[in-house]
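Participant: If you want the building blocks of each chain, they are given just below.
2 protein chains.
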Amino acid sequence: MDVFVSGVGMTKFGRSKDPLEKMMVEAGRIALRDAGLDQVDAIFIGVMNAGELLGDSNFTALLTDIGLTGIPSTRVETVSPTGAGAFETAFHAMASGQTRSVLVLAGEKMTHLPPARSAAILSEGIDRSERRYGMTMPALAAMIAQRYGQEFKLSSSKLEDILAQVAIKNHSNGSLNPHAQFKKVITKRDYLNSQMVSYPLRLYDCAPISDGASAIVLTSHPASVKVSGIGHATDTSSLRHRASFTSFDATREAAMKAFAMAELNPLDIQLAEVDDAFTAFEIIGTEDLGFFPPGEGWKALEEGVTHLRGKLPVNPSGGLKSRGHPVGASSLAQLVEIVYQLRGEAGEERQIERAEIGLAQSTGGLGNHNFVTILERSDRRRVLKQRWRPEHRPEIKVSTRPSTPPPPEGVGTLETFTTLYATPEGFRSPLTLALVKTVTGERVIACNPDYRFPKELKIGRKVYLKTREGLYVFEKLNLWKRMRQWIKRSP
Amino acid sequence: MDVFVSGVGMTKFGRSKDPLEKMMVEAGRIALRDAGLDQVDAIFIGVMNAGELLGDSNFTALLTDIGLTGIPSTRVETVSPTGAGAFETAFHAMASGQTRSVLVLAGEKMTHLPPARSAAILSEGIDRSERRYGMTMPALAAMIAQRYGQEFKLSSSKLEDILAQVAIKNHSNGSLNPHAQFKKVITKRDYLNSQMVSYPLRLYDCAPISDGASAIVLTSHPASVKVSGIGHATDTSSLRHRASFTSFDATREAAMKAFAMAELNPLDIQLAEVDDAFTAFEIIGTEDLGFFPPGEGWKALEEGVTHLRGKLPVNPSGGLKSRGHPVGASSLAQLVEIVYQLRGEAGEERQIERAEIGLAQSTGGLGNHNFVTILERSDRRRVLKQRWRPEHRPEIKVSTRPSTPPPPEGVGTLETFTTLYATPEGFRSPLTLALVKTVTGERVIACNPDYRFPKELKIGRKVYLKTREGLYVFEKLNLWKRMRQWIKRSP
Chain A
38 MDVFVSGVGM
48 TKFGRSKDPL
58 EKMMVEAGRI
68 ALRDAGLDQV
78 DAIFIGVMNA
88 GELLGDSNFT
98 ALLTDIGLTG
108 IPSTRVETVS
118 PTGAGAFETA
128 FHAMASGQTR
138 SVLVLAGEKM
148 THLPPARSAA
158 ILSEGIDRSE
168 RRYGMTMPAL
178 AAMIAQRYGQ
188 EFKLSSSKLE
198 DILAQVAIKN
208 HSNGSLNPHA
218 QFKKVITKRD
228 YLNSQMVSYP
238 LRLYDCAPIS
248 DGASAIVLTS
258 HPASVKVSGI
268 GHATDTSSLR
278 HRASFTSFDA
288 TREAAMKAFA
298 MAELNPLDIQ
308 LAEVDDAFTA
318 FEIIGTEDLG
328 FFPPGEGWKA
338 LEEGVTHLRG
348 KLPVNPSGGL
358 KSRGHPVGAS
368 SLAQLVEIVY
378 QLRGEAGEER
388 QIERAEIGLA
398 QSTGGLGNHN
408 FVTILERSDR
418 RRVLKQRWRP
428 EHRPEIKVST
438 RPSTPPPPEG
448 VGTLETFTTL
458 YATPEGFRSP
468 LTLALVKTVT
478 GERVIACNPD
488 YRFPKELKIG
498 RKVYLKTREG
508 LYVFEKLNLW
518 KRMRQWIKRS
528 P
Chain B
38 MDVFVSGVGM
48 TKFGRSKDPL
58 EKMMVEAGRI
68 ALRDAGLDQV
78 DAIFIGVMNA
88 GELLGDSNFT
98 ALLTDIGLTG
108 IPSTRVETVS
118 PTGAGAFETA
128 FHAMASGQTR
138 SVLVLAGEKM
148 THLPPARSAA
158 ILSEGIDRSE
168 RRYGMTMPAL
178 AAMIAQRYGQ
188 EFKLSSSKLE
198 DILAQVAIKN
208 HSNGSLNPHA
218 QFKKVITKRD
228 YLNSQMVSYP
238 LRLYDCAPIS
248 DGASAIVLTS
258 HPASVKVSGI
268 GHATDTSSLR
278 HRASFTSFDA
288 TREAAMKAFA
298 MAELNPLDIQ
308 LAEVDDAFTA
318 FEIIGTEDLG
328 FFPPGEGWKA
338 LEEGVTHLRG
348 KLPVNPSGGL
358 KSRGHPVGAS
368 SLAQLVEIVY
378 QLRGEAGEER
388 QIERAEIGLA
398 QSTGGLGNHN
408 FVTILERSDR
418 RRVLKQRWRP
428 EHRPEIKVST
438 RPSTPPPPEG
448 VGTLETFTTL
458 YATPEGFRSP
468 LTLALVKTVT
478 GERVIACNPD
488 YRFPKELKIG
498 RKVYLKTREG
508 LYVFEKLNLW
518 KRMRQWIKRS
528 P
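Here the protein sequences come in this chain order: A and B.
When we follow this note's numbering, the leftmost residue of the first sequence carries the number 38, and every step to the right adds one.
When we follow this note's numbering, the leftmost residue of the second sequence carries the number 38, and every step to the right adds one.
Since the hints were derived computationally from the structure, they do not count as laboratory data.
For each residue, glycine too, the CB sits at the ideal point set by N, CA and C.
Mixed in with the good hints, there may be bad ones.
[To be verified] Just some of the chain A residues that point at chain B, by a computed CB distance under 7 Å:
id	residue
1	Gly107
2	Pro109
3	Val113
4	Thr115
5	Thr126
6	Ala132
7	Thr148
8	His149
9	Pro152
10	Ala153
11	Asp227
12	Gln232
13	Met233
14	Thr271
15	Thr273
[What the hints assert, rightly or not] Each pair of labels, with its calculated beta carbon distance range:
id	chain 1	residue 1	chain 2	residue 2	range
16	B	Gly134	A	Asp75	28 to 38 Å
17	A	Asp416	B	Gln388	34 to 44 Å
18	A	Pro151	B	Asp227	46 to 56 Å
19	B	Arg154	A	Asp75	36 to 46 Å
20	A	Leu304	B	Arg165	47 to 57 Å
21	B	Asn302	A	Pro151	53 to 63 Å
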């Protein structure tokens, strides 16, 4: 049974004085009006953390405000891509035949809290044992970016340049989007002047804290856009149990499912909204989605392929980076942008020509809750194609918590690292965090609060691993010093 | 497409030292083993408020622990009946044909917090403007109970006796349930000795604070039990905008949908788990479900119809009252009990004979988020019956927030009231709260912190309504005094 997108709507993203419900009602009303409906069979609400962000956990009042009292209302949460999760859930309700029209409503209100409090709430998605080290989302993303640079042999200035290009492109696109939080075109100089958050990620590598809401109406009654594929996959929440540090298996798996369901290939996609909560994620995303081979996403960016007037525009909306990132609302806003583009309603400056198929990808936590959604014009002529499978897809590693005792102190290898400047409350800044492979082959997160010189560190280098107050701490490996200590201790 | 229940599982409910994930993994493993599966296509997780209760908002780690890393995972929240919400969402995924097997997992961890903090989190579901008065869930339920007594002409001692009978019956059933939190059979004397929470509701009228988890596996592959009907409806979160104060429209609406989908009548139901978060809710629930006419649910209880060996056993598990109420887990545990009963696995003492069709009803907030789910034995011979419609179903009143200015001070009528003894932080105990109808026909919540004698109050009596610091306050209407003041003020 086909499921159609009959209406879309969103508020301007950014800092808003309105309460969350008011923003959601506004987005919902726009989408209902767009669909020409004043009633739907059910509502699906995506809000990531209303309890802690707002001290509220019942969105029934929202229904009253929007004039929909009485209909089934379900709140869905799938970490950051909560909007995409609500969309998938709504799609199931439609495809099951139990509903003939539904409203998907996603929003988040974050700017009213001190940034440190918002950051703390967002980092609740991080594995508990890794959070103990002061780990934050930017720090994890930074470790991924470092590893990407090392694996694909990019110098640190080259990596810096690529990340800057993502930010510059997305700010440029966002400057044309009336719904975007930032309308400012930025230069490489602006990028370099922005504060270091977690080496090598700067403030301009990170999506902002925002308020906003987005909405979509799905109907069984035909409309100009339809849902053609949805994929959703998860991965371990802990970085140390991952199969890869330069790719997200959950995106690859979700993409495979979405392409299979849509009977499409990555080559069929004409525009994409790819999660850029951190600039490095956009590059990795375009590789995981099969648009470009591993390690070549940055080349496509450099060559202008992913630019607004390129062959495959990525984030024509400005992305999370520039349109803003009210967490729950973002992944639904990606779909709103795809619909605008497929309908030819994105506005003269931003409109992509002849767009018939668009894809949105969203990343939850550190790539542990990812979605891929494909929308297409209903009047597109369908051609049955061969099923796509990502090349060399590594098997997803079903990791269990280590039941073995923690490895003893000793030599380890630096797998990746970052120096975190914007540390969580209670942690001294800067804080160097690393993923270390022990001699027994296990991976552990380790910190070194004293390390102020990340340039002395290098992926692949040996370090000395100790435990202190239940945490792993790493130090520079000074073989002579170690040997002298060892000799002294000998009888 | 038929959707089957292939596996069920739950932990013992009560006070547990285990973290939430551990309880959920335990319940999930039991259900998977019961279904004979070690993999499913997707997982649906019901936890009401993990953010505030646990400071955690990413359940991906759970998947790793249960050996299911990689599969789509969606968290669903529908206030208290979050387990039923996750079940409905999972049912849609199955019925849409997108999944062939799913695990529904619901749990809550609450006993580690001080009771006042848990209560504060639970009352976030209450309309914000009503919360300002110190309104709690027991206070709202008490106001409903009072109104029920008045409307159906029950003396206060008769009402007390009926409520006690619900508690006594459910404790008796729970004493036979190995998963129940309380195994204690209680007497009327125990009931009367229990602390007054919000007049007329005592501690034994309220479900406890509990920890626990429950799980269900759904498959497209046939099993002995199948899902035959699901209904879900909402209502205003504010009491003052309700059409009725002795019935929940959301239950009636949800029941109508579920019976229509199952092609069954209330008379077909052989056992039911009915929300008894507050004893009065069980009575009202059995009426709203069409089992008994309005105002006659208490008679059926007195006559033993809803007893374990009665014609229509209600809450054979012990209900929320005695099995325990780990909020998110409860409504899924209701379904687990129905499955045990339909399969003949409820244990000699608790097993209901020849049970082929069972129903579970759950209430969210003050009846603003209700579910009705019907399960039946797959081998039952189906007979097509006439569609059921509840008698005299009042139209659901789509109320909008009052845009008119608040009514002036003046005379009003007491629609219902309670005296709250267990007041939230910052409120003096006891606190008398009332729903007052103003001369202009609007309903407002009003308080009287000084009223220590609820026996002087009576539904239908006139009171004097004033505003003080932005809140409505009511006083006894002393006509002579008012007139003297009025004369004094005259020139």
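Participant: State for each hint whether it applies.
Facilitator: Against the structure, the hints come out as follows:
no.: 1; hint: Gly107; result: holds (4 Å)
no.: 2; hint: Pro109; result: holds (4 Å)
no.: 3; hint: Val113; result: holds (6 Å)
no.: 4; hint: Thr115; result: holds (6 Å)
no.: 5; hint: Thr126; result: holds (6 Å)
no.: 6; hint: Ala132; result: holds (4 Å)
no.: 7; hint: Thr148; result: violated (18 Å)
no.: 8; hint: His149; result: violated (15 Å)
no.: 9; hint: Pro152; result: violated (18 Å)
no.: 10; hint: Ala153; result: violated (15 Å)
no.: 11; hint: Asp227; result: violated (33 Å)
no.: 12; hint: Gln232; result: violated (27 Å)
no.: 13; hint: Met233; result: violated (27 Å)
no.: 14; hint: Thr271; result: holds (5 Å)
no.: 15; hint: Thr273; result: holds (5 Å)
no.: 16; hint: Gly134/B - Asp75/A: 28 to 38 Å; result: holds (30 Å)
no.: 17; hint: Asp416/A - Gln388/B: 34 to 44 Å; result: violated (59 Å)
no.: 18; hint: Pro151/A - Asp227/B: 46 to 56 Å; result: holds (49 Å)
no.: 19; hint: Arg154/B - Asp75/A: 36 to 46 Å; result: holds (41 Å)
no.: 20; hint: Leu304/A - Arg165/B: 47 to 57 Å; result: holds (51 Å)
no.: 21; hint: Asn302/B - Pro151/A: 53 to 63 Å; result: holds (57 Å)
Hint compliance for this structure: hints 7, 8, 9, 10, 11, 12, 13 and 17 are not met, and every other hint is.
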